[in-house]
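**Q** So the protein lines, in turn, are chains A and B. Last residue of the first sequence: 488 in our numbering, with the numbers rising by one and none dropped. Last residue of the second sequence: 530 in our numbering, with the numbers rising by one and none dropped.
Honestly, the hints are just simulated from the structure, not real lab data. Be aware that a few hints might be false.
To be verified - Derived CB-CB ranges, DEER-like:
1. B:Asn476 / A:Ala242: 55 to 61 Å
2. A:Glu346 / B:Asn146: 57 to 63 Å
3. B:Gly105 / A:Arg325: 49 to 55 Å
Beta carbons: idealized from backbone N, C-alpha and C, even for Gly.
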Amino acid sequence: MLPYTVKRVLMIIPVLFGMSLVVFFMIRAIPGNPAQVILGQKATKEAVAALTHKLGLDEPWYVQYVKYIGGLLRGDLGESIRTGAPIAEEIWPYLAATIELSLVAMIIAVIIGVNAGIISAWFQNSWFDYIAMVLALLGVSMPIFWLGLMEQWLFSIQLDWLPTSGREDVRNPIEPITHLYLIDTLLSGNTEQFWQAIQHLVLPSVALATIPMAIIARMTRSSMLEVMKSDYIRTARAKGLSMFWVVYKHSLKNAIIPVLTVIGLQTGLLLGGAILTETIFSWPGIGRYIYDAIGYRDYPVIQSGILIIAAIFIFINLIVDLLYAAIDPRIKYN
Amino acid sequence: MRRNKWFTWLAMLLAAVLVFAGCGKSKESAGSGSDKPSAQDTLVYGRGGDSVSLDPATVTDGESLKVTKNIFDTLLDYNDNDTSVKPALATEWTISEDGLTYTFKLRQGVKFHDGTDFNAEAVVFNFERWANGNADTFPYYGSMFGGYKNDESHVIKEVKALDDYTVQFVLKRPQAPFLKNIAMPPFAIASPTAVEKYGDKFGEHPVGTGPFVFKEWKRNERIVLEKNKDYWEEGYPKLNQVIFVSIPDNSARLNALLKGEIDIMEDLNPTDLKQVEGNKEFQIFKRPSMNVAYVGLTATRGPLKNKLVRQALNYAVDKQAIIDAFYAGQAEPAKNPMPPSIPGYNDAIQDYPFDLEKAKQLLAEAGYPNGFEIELWAMPVPRPYMPDGQKIAEAIQANFAKIGVKAKIVSYEWATYLDKLAKGEADAFLLGWTGDNGDADNFLYALLDKDSIGSNNYTYFSNDELHNILVEAQTISDENKRNELYKQAQEIIKEEAPWIPLVHSTPLLAGKANIQGFHPHPTGSDKFTKVEFK
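Okay, chain A solo, but in the shape it has when bound (with noise of 0.2 Å):
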């Protein structure tokens, strides 16, 4: 397995750099200046010349991506147009913030996608499976936007249960020091900003987790059925197992093999739906960071950003392989 991980390693290395390319012209192809942009309606002709000149804009492209990628050999990610922030100094806050917010996302959608598939399948055409059939369908086709302003409604205003927005309470602060707030708050030994920042991460990674709950649990659900077919569950189950035991010991472990490949796709996903979630829910991550920038045509960290979040999506995809392996032993690379 260690050649194939090797391989597999090795291909990023071309995926990416074909990624900086599309993304490079891509952004460029959208009108709109940032000089103009940045400067803002009220700019004179000659400032948004003056910075266009400044930000190396009116060079050819080719000499404009030339620099960005020998730049990047060297670990320099660019600056900011409009903050004049290097990147790669700045981007690590957003993205841990993301991080954050996704992984909570992602154990929340996996733990009660995966088990709702899995009791729907038990039961099958019982109530529960209809019911959760109809809350997956409704949860894929919820736009986040509108139910992340219906829970701050129900759980902020209405309960008074939650926070409506932010990371943490600005009155009482959160000192970073991973800038994954649930390690820094439990380092720093506070139990009160650790709660803070767990009531802060429930609505959006509720809002967050909806879609892909959804889609595993309906995934799930149909693996189960098609595994719960065969013989030897048949076997077990005449035996008089007991539920828990035939899942969790003999079925899962062949039906977990698509719903892994999902989650590996929805995780990649979730960084899309974060940009919505992270607007409502006013969360510093790299979603809003990179939307943010698209407004403002700030072309370095536009590339950079997708490119980053474009390296975190292959590096899912390669943990996601390499767990079939893993789990299932008829799986082999050569």
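Put chain B on the given structure of chain A with help from the hints.
**A** Just chain B now, with coordinates in the frame of chain A:
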């Protein structure tokens, strides 16, 4: 059996999440009581976006300036409700007969937040710094003072310290709005020591003499300012801390206000007004209007080249209906390209009434008895002067349809929208403008002069008579004569009709009921010196 471990893990996590959620709930209800101490001294101000830089001279965006306004002071400041000037760091001033020499007496005993003395040298240092810059480094300086040090058009000949607390500005030619310009937030006086110490990074370490001291900035999240205990205005500021937080979505921001996470919110949707008005815990703040929303009629495109057509379209729009439907009544119909609060406003102008018959008649006269087809561009982003571009465009589309003009609604992402407008690609389009310094020049010249084509004159309207008037008005220092010229200018604009002026809106803010001393300023930048909680 790693699979078993995996599931044990998941089960534990699930349990943990449930426990957390449960605990969190009881914790929250316990915490919300202590969140509201009897005498609150921290103000959390919720807004839509983050600042770009906290060096006010380097930026043009309102989000940056509304923060720096509290860290820095200017020589002169605007009065509470308009843009007339009052003393700030300068206590008094004299203007020479010829309007070329301005002498300011400075406030004594003031120190910058880093302990540096504020004096005439500091003022000279700041103006020298800007004058030696360029359009890229200090954009506002060039546009307000006619360029930079070596430019022919640069208004300021020299700035000199006569003694420690007297500073003199010598101009090359009179500039009527000079005092108003000096009072703009970008021309706030920064600590020379700090500027030299931080260099390019000054925008992240702002040091001024203002009521609040910069403490912390977490980008896209919050900016924290703390009370300046040695502030020169006796007994102020009242607050101990001001925190600016960014919550991009208007509805989410309202939710945060209702939940008590923020104390004041900007940009309340007019449609949400009722929700807050009926609630005793909150109050509405109305920002005096200094804006205009309009339909631009690109004067170089198709039928819109014809003045009669543009006039006809002016007759066809029912402004009051738009105000009732989309501004919750919080706007007044516009008849001029600038709001009535600006000196030089021509109130004698009679607006085009909503008159479809007259409109049809004019179209027929212009040779379009059966109307024509155009594109109507809708703004993709909400602005205080334009809460919902798409819906307002639909209303106007329906109005136009009644006189046979078929408008197709088009929209682009904001930066693209402005880019295409600047190239003159739109027929008719929605847009607006918020004034910077309360001067007529900042509306009429910036938006409708032929010099501004390619920047903010998106209608490509070019009129030599208007141009001569506006340029003349720029150099006259006699207020009355100037205002006469602006009144004439508005007559020409009314007649030529390059715009359908729609409304002057009243931007709405909402805040806790016990907030006192907060008076939203027309410029959009507020000083929190006198704000307190009852």
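**Q** Look at each hint and say if it fits the structure.
**A** Against the structure, the hints:
Our hint of 55 to 61 Å for asparagine 476 (chain B) and alanine 242 (chain A) holds, since their Cβ atoms are close to 58 Å apart. In this structure the hint that glutamate 346 (chain A) and asparagine 146 (chain B) lie 57 to 63 Å apart at CB holds, the actual value being about 59 Å. The given range of 49 to 55 Å is broken by glycine 105 (chain B) and arginine 325 (chain A), whose C-beta atoms sit roughly 34 Å from each other.
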